[in-house]
Amino acid sequence: MAKVQGAIQVNTETCKGCQVCMPVCLESVIEMAKDVNRKGYHYAYMAKPEACTGCTNCAIVCPDRAISVYRVKVSA
Amino acid sequence: MAKVQGAIQVNTETCKGCQVCMPVCLESVIEMAKDVNRKGYHYAYMAKPEACTGCTNCAIVCPDRAISVYRVKVSA
Amino acid sequence: MTEEIIIAGFGGQGVLSMGKILAYSGMMQDEEVSWMPSYGPEMRGGTANVMVILSDERISSPYLKVFDTAIILNQQSMDKFQDSVKPGGVLLYDPNGITIHPTRTDIEIFQIEGKKLAVELGNAKISNMIILGAFLKVKPIVKLDNVIAGIKKSLPERYHHLIPLNKEAITKGMDNLKPYSAKELSLK
Amino acid sequence: MTEEIIIAGFGGQGVLSMGKILAYSGMMQDEEVSWMPSYGPEMRGGTANVMVILSDERISSPYLKVFDTAIILNQQSMDKFQDSVKPGGVLLYDPNGITIHPTRTDIEIFQIEGKKLAVELGNAKISNMIILGAFLKVKPIVKLDNVIAGIKKSLPERYHHLIPLNKEAITKGMDNLKPYSAKELSLK
Amino acid sequence: MAELKLMKGNEALAEAVIRAGADAYFGYPITPQTEVIEYLMAEQPEKRTGMIVLQAESEISAINMVYGAASTGKKVITSSSSPGISLKQEGISYLAGAELPAVIVNVVRGGPGLGTIQPSQADYFQSVKGGGHGDYKLYVLAPASVQEMSDFVEDAFDIAFKYRAPVLILSDGVIGQMMEKVNLKDQKPRITDNEIIEKYGDWATTGKKGRERNIITSLDLQSEKMEKRVHRLMKKYEQMEAEDMRYEKIGCDDAEYLIVAYGCSARISQKAVQLARKKGLKVGLLRPITLFPFPKQPLFELANQVKGILSVELNAGQMVEDVRLSVEHKVPVEHFGRTGGIIHTPEEILEALEQKIINHGSIRHYKTRESSIL
Amino acid sequence: MAELKLMKGNEALAEAVIRAGADAYFGYPITPQTEVIEYLMAEQPEKRTGMIVLQAESEISAINMVYGAASTGKKVITSSSSPGISLKQEGISYLAGAELPAVIVNVVRGGPGLGTIQPSQADYFQSVKGGGHGDYKLYVLAPASVQEMSDFVEDAFDIAFKYRAPVLILSDGVIGQMMEKVNLKDQKPRITDNEIIEKYGDWATTGKKGRERNIITSLDLQSEKMEKRVHRLMKKYEQMEAEDMRYEKIGCDDAEYLIVAYGCSARISQKAVQLARKKGLKVGLLRPITLFPFPKQPLFELANQVKGILSVELNAGQMVEDVRLSVEHKVPVEHFGRTGGIIHTPEEILEALEQKIINHGSIRHYKTRESSIL
Amino acid sequence: MEVLDIIKPENQVFCKTKLMTDCALSYCPGCGHGTAHNLTMEVIDEMGIVEDTIGVAPVGCSVLAYDFMNIDMTQAAHGRAPALATAISRLWPDKYVFTYQGDGDLAAIGTAETIHACNRGENIVIIFINNGIYGMTGGQMAPTTLAGMKSSTSPYGRDIKTMGSPLKITELVAQLPGTYFVTRQSVHTHKNVRKAKKAIRMAFENIKLKRGLSFVEIVSNCNSGWKMTPNEANIWMEENMFAYFPLGDIKVDGILK
Amino acid sequence: MEVLDIIKPENQVFCKTKLMTDCALSYCPGCGHGTAHNLTMEVIDEMGIVEDTIGVAPVGCSVLAYDFMNIDMTQAAHGRAPALATAISRLWPDKYVFTYQGDGDLAAIGTAETIHACNRGENIVIIFINNGIYGMTGGQMAPTTLAGMKSSTSPYGRDIKTMGSPLKITELVAQLPGTYFVTRQSVHTHKNVRKAKKAIRMAFENIKLKRGLSFVEIVSNCNSGWKMTPNEANIWMEENMFAYFPLGDIKVDGILK
Ligand SMILES: Cc1ncc(C[n+]2csc(CCOP(=O)(O)OP(=O)(O)O)c2C)c(N)n1
Ligand SMILES: Cc1ncc(C[n+]2csc(CCOP(=O)(O)OP(=O)(O)O)c2C)c(N)n1
Ligand code: SF4
Ligand code: SF4
Ligand code: SF4
Ligand code: SF4
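Chains as they are written, first to last, in the working numbering: chain Z, 931 to 1006; chain L, 931 to 1006; chain P, 78 to 265; chain Y, 78 to 265; chain A, 227 to 600; chain X, 227 to 600; chain U, 322 to 578; chain D, 322 to 578.
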């Protein structure tokens, strides 16, 4: 039975660390980085890459479209 | 049995001969004079005085309030 | 030739249209013309006037204080414009509804029973054409056929059947012009 | 005495309030003061600056081109205002986030680790008070108790419990001021 | 084809709008210019040329419809009278700031406030000094005949597009309401959508097709950019002064005294000049056709010739300031004008000229007011 | 009782409105003056003095609320910034025409259009020449400090009621946003309803009680009446010029060169004068405090003393015209000013003075434009 | 009995209210404005509140209302009467403040002022004369002009597609919590006049009780603008205007009908 | 499987639309404007109509929409966007013309333009961002500010008695015959984002079919103005804003729900 594996790529410079992508991630993949970007924001990153399903929930709620989403099928 | 007798007094100078008082007079008391007032209007007058009941219908629809109404009780 | 005219009366008396037809008539014979109306919230029964100029030169001011001719159709206008006639000028008026007649002796004064004659013609609205006729009798500044052409221009197609009536009214006006001398009055 | 100061940094760094406290402090010792902020749609993270003047004479222009002291909290501001310091004047800055350090050799330059020390004090928001302290070390133009009085004036009642912390921050700033010489850099 | 007609100024202007190939008119009724929209609605230009006519819910909506239309490169015009023009001031300032071509017509009535519906020229200052906020000017054409009410429409559009700037036709109740003979120009074809996309592709917001997107705005949050914008505007105004200033001289060659007047006052003053000449007084008339750019240079030169100047305006004294600035106080300049809807007569003007100029030397100008109220 | 405080100009003005015993403020938010309504809402003057504060749905609604309040004899004020003031022009013209006392505040930003929110003085023409339609003027006060933002409120109300005319306080983003020490006046009691009925019973529409009814209108369908109204207004303006013109002279006694500047430009120019004096240049500053009435006479007199005048304004050249009219071209008058929200520095001003005046003779003024764009 | 014996002061049962001036109305013969003016003044007279009444006149044919209504009045800029009334009633909470406006004034240029005064629930009365046209300026199309109806700016009849539908502003304001009493009346017959007067009375009573805004629309003829005789106009109004603008109460005691 | 093996062009399932410029959004972190911008541009991209689209920006935080939306745009005076859009769509009937406006812009100063453009049934889309406050100018009260809600001009909470009730302009315009599609959406969760995008798509499809005016309200947070973190703001919005401004379609295919 085929399972999907996802991944997100965050544009650390356009991310404003607003965190609205966190609650919509059902797998709690996303957290905010300790250090800041040039604008002084703690940007988002994949804290739990393995859990990402590539559902795009985070990306479509991101006001700044800082997230790109990737997905592949992997056989269990 | 007591019957009422009415009469209207038309201010021939403020009357504009608009005739809106005519249709509301159930007794068709009112008509417009042949001659005109200083403003050139054919003013209203009591053509059938005996028929007037003093109901005030004409007076309250007169935009220019050119009609005063009088009423008395008369025993038949 | 330059003729400076004022026409004044009640709103409903066809003052503006009389002026318009005069202007059109002048245009028909290639003259310069101007037509300057009073305007505003024309409540029925308000007064109206129009200044009309016909000239063979470029017209400077369309707005004037004194005129060669004044055509007067009600008392207010008589009071207001009698003195605006140039010495030697013409005052033409419809006596109907006039209580205080003109008193100037340094101008020519004429009467025309516009309203009365119009009723005879069976159309009260035509009185202004009768008065126009009377004016043209005094001052034949435009040819009759140019006047008719002017009427054609100023009337919408749907009214062109009225042109014969207008023509009749104009001639009636020409025939019924009455000179009036202020002296008589002042003699009494 | 007249001291003309510019304070510049990010919107969130307490630039305007630092200037406000300076102005209040000056007022506490009966000096003339003016406080001229940059303003506009302050989107978070935007830059802000304020021109503060303390003087014992009536202040003419609240808006200036050159200053006795520039207090700089981020790179944009460094780029923009380094040259606005009068020869012989003072440039005080927080090295945190500064990549291109000042290069002028005709002025006095000082560093203060505002942000870092604030974290040590356990309140990032207090860094502007640390920097203020450092400035007062360089230029003791207002007495400390007047500064405290100024803080009292500028803070709403409900924040007055923070005054001891502010005091602590100011002294910490005074103790940690580091002179900086552009030469070193230019030597490398 | 061209036609000779007898028309009201307002009607002649409306007909000229159609014939100029305008794309749209947006307006709201107000005396004494309501004939403009009434004529257009009756003529159904939509059928004649495809031009659109819309009665807006207010003057403010109308001027902003103009802004919208102009931002897409269309030929658009609106008209109103004094109170309505005051309401348009923000929109007019936006048009100037966004550098959009548009024509605004003001058939002036007497103010301030609701005032009177009778003719006036009391909106001169508002028109030439900028009634709206900010550093901008309007190119202002002042028709003095029904013929010019017609002719100036195309001129106005030409200037508007030459400079990408709003143009004002400043008329008055006399010129708008009077009838005169007018020679109507031939119908110009409307510019097609594709021609617009071709011609104005570098700025008009017609949809980004085969080019970078266009933006129409008057905002510049960076002051440096905003100052550049203001300088760009000022350069346009300089160029207008150099290339498109217009005026008319009547009997000025031998004039010892000069009347300066525009619009209906110029017509009435012309008669006053005739009366003066009859009296043997050498009086000339300079009629500014553009109120901005103002004929400064011709006036400056005439100042070496004449003994005094009377500025005749249907207001309490407005253009008189520009006349004084033009002649640099080399000769006395006084003002005469009736207000409140009263129209001065040729006789009154001549009388004022004799009293204030001919029989009277210069007076201190910082006391202007006194001379300006009759 | 009086108080010494450190406040923004906008806040000082708002506090002064309460202390002047105003009855109402109506406004709509706009940068850089939003602190006025924010301060008032926070202060709850309704509790302090019973004064009413209402955020209107637009600037137009606000100015018409002002008109309504003023027509009943109440002390009322509104504030806005450039685009919002343009929207108020019809209402302002109505206030002038109906002869109503009211105070309008314009904290000017850069235009035209949406322009910039940064400081500017580009609304000078709109303010003094009448941005609205018709023959009227505003009494215009130009504060140059936070103290004056506070003090001029009461002055403005006094003038407004002295003449039954609208008064404009023309400020700018610098004066509105900066903080300075300000001495607040004591709280004045609000005038009671009965006092209003007593004092203004001859005109205010407070309900006809024991007198003939009152009517507030700006309309006169009879031109004779309307002209009388206009003359009445002009008489007021003459009286303002005679009795209430205000200005300040700084270092003019020995001045060989003069700077004329108001508002923030006067503050910055003052520093420029200091710099000039350091260089040994005898420069003085004349600061018009009222822009209308303009200090014509003092300038006319100074023109006999100085060699040249520089009009310094944060715009492309507006007040410079009034300066020229005042000195009657006896000395060269040039303009200097930055635009678009850029604020000129003292150094720039001094440089311009040297270039345009000190090292440069008079130039033809009908070419003004060139001199006005920097 | 002789007429002259009847026409005696003691027998008088109706005459013009003293709250109307002697100045002859400037309105066209048969225009509803006159009747609406008189009813309003009769109500104020009967309530004995003339000393505490302040009226706001619009821009429109009734701009001269202040010449005819013998009360304190202020004349507002076109469409802004509700803004004036807001300020006046806020500053004089015990006064009876009303506006009198036409459809162009209230529903076109004045839309924002109308909606927001109603939404704030100002304690005022708005008397709204809906004659489906701009009378004062000579019969242009109004927001309330009926579909297909001719006017000088819709000479071929109002075209819904390009000019929009006639606007039922009264139904709109009734939707707002701030309005307390909203009704539509007419004054062309004795029956309607009596109803309309009751409505106006209720509206002014609401001010006394500080109930919020009362909105009284009066559908009326503009016989000049419609180019009909007054009686023709009234019949046309019954057949056409009332079909689209049905008479009756729309909101009473703050509850939609 | 390694993340880097997944992050390959061929595996990409979502990225920012090309119709948004590279210019960093000037909006505060977590502000709904950004999402609304992106959805609008995604729809235009997917419909392939960018060459025929003309946008009108308001005065408000989104005044700079033209810096971010990579299409032809005109910036309107405060509140007047619907007037501009009317003219543009009349003159370019085959273009997709839309306005993007905030609540102060559309429901306060622009009330008249909004009501009349809707009443005329202009063939345009109005995207209405209702964040219950004036964001741009720093958090003043808007017509849509909730009862008791604090803002810099209602620092003690909106007082219905003196400031009126929050205005449901969307329900009002739905009453007008000219509006064809009226809906209320939000963009704070993935579910709502997907719904909102569908609504915007339908709105633009209506332009193609010349159906008249489509009005899409998006209830959004102004976390700066509300003085909350973005996620706090979104929760507060669900609990308070949605209670008064319920999400869902209000009018579909010209029929009120
Ligand atoms: C700002 C402004 N715009 C337009 C006008 C011109 N105007 C006067 S009355 C009027 C319309 C009146 O119509 P309505 O409100 O329906 O009242 P009615 O005359 O029909 O009673 C207009 C457009 C004006 N005076 N002021
Ligand atoms: C005529 C005018 N009045 C006022 C302003 C100031 N102003 C700019 S944005 C704004 C309100 C914006 O609020 P909203 O429409 O709700 O949009 P948001 O910023 O909340 O997205 C105001 C009042 C202006 N620019 N122009
Ligand atoms: S939603 Fe976007 S901007 Fe906000 S934290 Fe997540 S990635 Fe960053
Ligand atoms: S209604 Fe009045 S004005 Fe009309 S005709 Fe009758 S009496 Fe005369
Ligand atoms: S024009 Fe119409 S509304 Fe005006 S007075 Fe005449 S009938 Fe009445
Ligand atoms: S102020 Fe409010 S609306 Fe404006 S960008 Fe910030 S969060 Fe968004």
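Keep in mind the hints are simulated off the structure, nothing from the lab.
A couple of the hints might just be wrong.
Below, computed lysine to aspartate or glutamate pairings styled on DMTMM-like, alpha-carbon distance capped at 25 Å [stated by the list, open to error]:
{"no.": "1", "chain 1": "Y", "residue 1": "Lys142", "chain 2": "X", "residue 2": "Glu580"}
{"no.": "2", "chain 1": "D", "residue 1": "Lys471", "chain 2": "X", "residue 2": "Glu469"}
{"no.": "3", "chain 1": "X", "residue 1": "Lys425", "chain 2": "X", "residue 2": "Glu469"}
{"no.": "4", "chain 1": "A", "residue 1": "Lys451", "chain 2": "Y", "residue 2": "Asp160"}
Results for each hint:
With a C-alpha separation of about 19 Å, the suggested pairing of Lys142(Y) with Glu580(X) holds against the 25 Å cut-off. For the hint pairing Lys471(D) with Glu469(X), the CA-to-CA distance comes to about 47 Å; that exceeds 25 Å, so the pair is violated. A C-alpha spacing of about 23 Å is found between Lys425(X) and Glu469(X), which places the hinted pair at or below 25 Å, so the restraint holds. With a C-alpha separation of about 22 Å, the suggested pair Lys451(A) and Asp160(Y) falls inside the 25 Å cut-off, and the hint holds.
In terms of the numbered hints stated before, the structure departs from hint 2 and from no other.
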